Amino acid sequence: MQDENGPSIDDLKADEKAGYQIPVEEDVAGAAREPAADITAALRDFGRQFANTIQAAWNSQERREFEDEVREGLNEFASEVRKAFQEIKESAAAQKVKEEASEAKERVERVERADLAQKAQAGLVEGLQKLSQELGKLADQFSPAEKSPSDVQDDEVL
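Counting from 1, position 80 in the sequence shown corresponds to residue 79 in numbering that gives the first Met the number 0; the numbering is continuous, with no gaps.
One should not assume that every hint holds.
Okay, the calculated beta carbon distance ranges per label pair [said to hold, decoys possible]: (1) Ala36 - Glu64: 39 to 45 angstroms; (2) Ile87 - Ala119: 42 to 48 angstroms; (3) Glu125 - Ile87: 49 to 55 angstroms; (4) Ile38 - Arg81: 55 to 61 angstroms.
Note that these hints are calculated values from the structure, not bench results. No experiment lies behind these values; they were computed from the predicted model shown. Note that CB positions come from ideal geometry on N, CA and C, so glycine has one too.
All chains should be built: construct the whole structure from the sequences, respecting the hints.
This is the structure:
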């Protein structure tokens, strides 16, 4: 008799007596481990092969030639850029800009010098005026004040 889920117990017992072994859970678990071991080994082998391939590619003549071409190209690029900057620097437009900048600088310096001279002159005049005032005050302290004619008459009457 067999139910819908599989063979009946009686059928399994009969199979066992006939020499057929029923797999137990340990066998099923062991069977499950075996493919996992195969996957681990396959991934390990793949990793080794991938690393070897990368190393072989890095050490290859093609990679070295490519690196040399890139270096040469970058050197030529830098040389062309330097040459372009030098040509721009020496161009008539650049020279004109340089001259105009120099002239503008000179004009600013002339204005600053004139401004400075004007300020110095104003400061000198102001200083001389103050000095003159102070000297006048000092002179007044040393010389007696002149007596007015009425002061002289008052002194004589006494």
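Now for the hints, and whether the structure bears them out:
Checking the proposed 39 to 45 angstroms range against Ala36 and Glu64 shows it holds: the Cβ atoms sit about 43 angstroms from each other. For Ile87 paired with Ala119, a C-beta distance near 43 angstroms keeps the hint of 42 to 48 angstroms intact. The given range of 49 to 55 angstroms is respected by Glu125 and Ile87, whose C-beta atoms sit roughly 52 angstroms from each other. Distance hint check for Ile38 and Arg81: the Cβ-Cβ separation is about 58 angstroms, which falls inside the suggested range of 55 to 61 angstroms.
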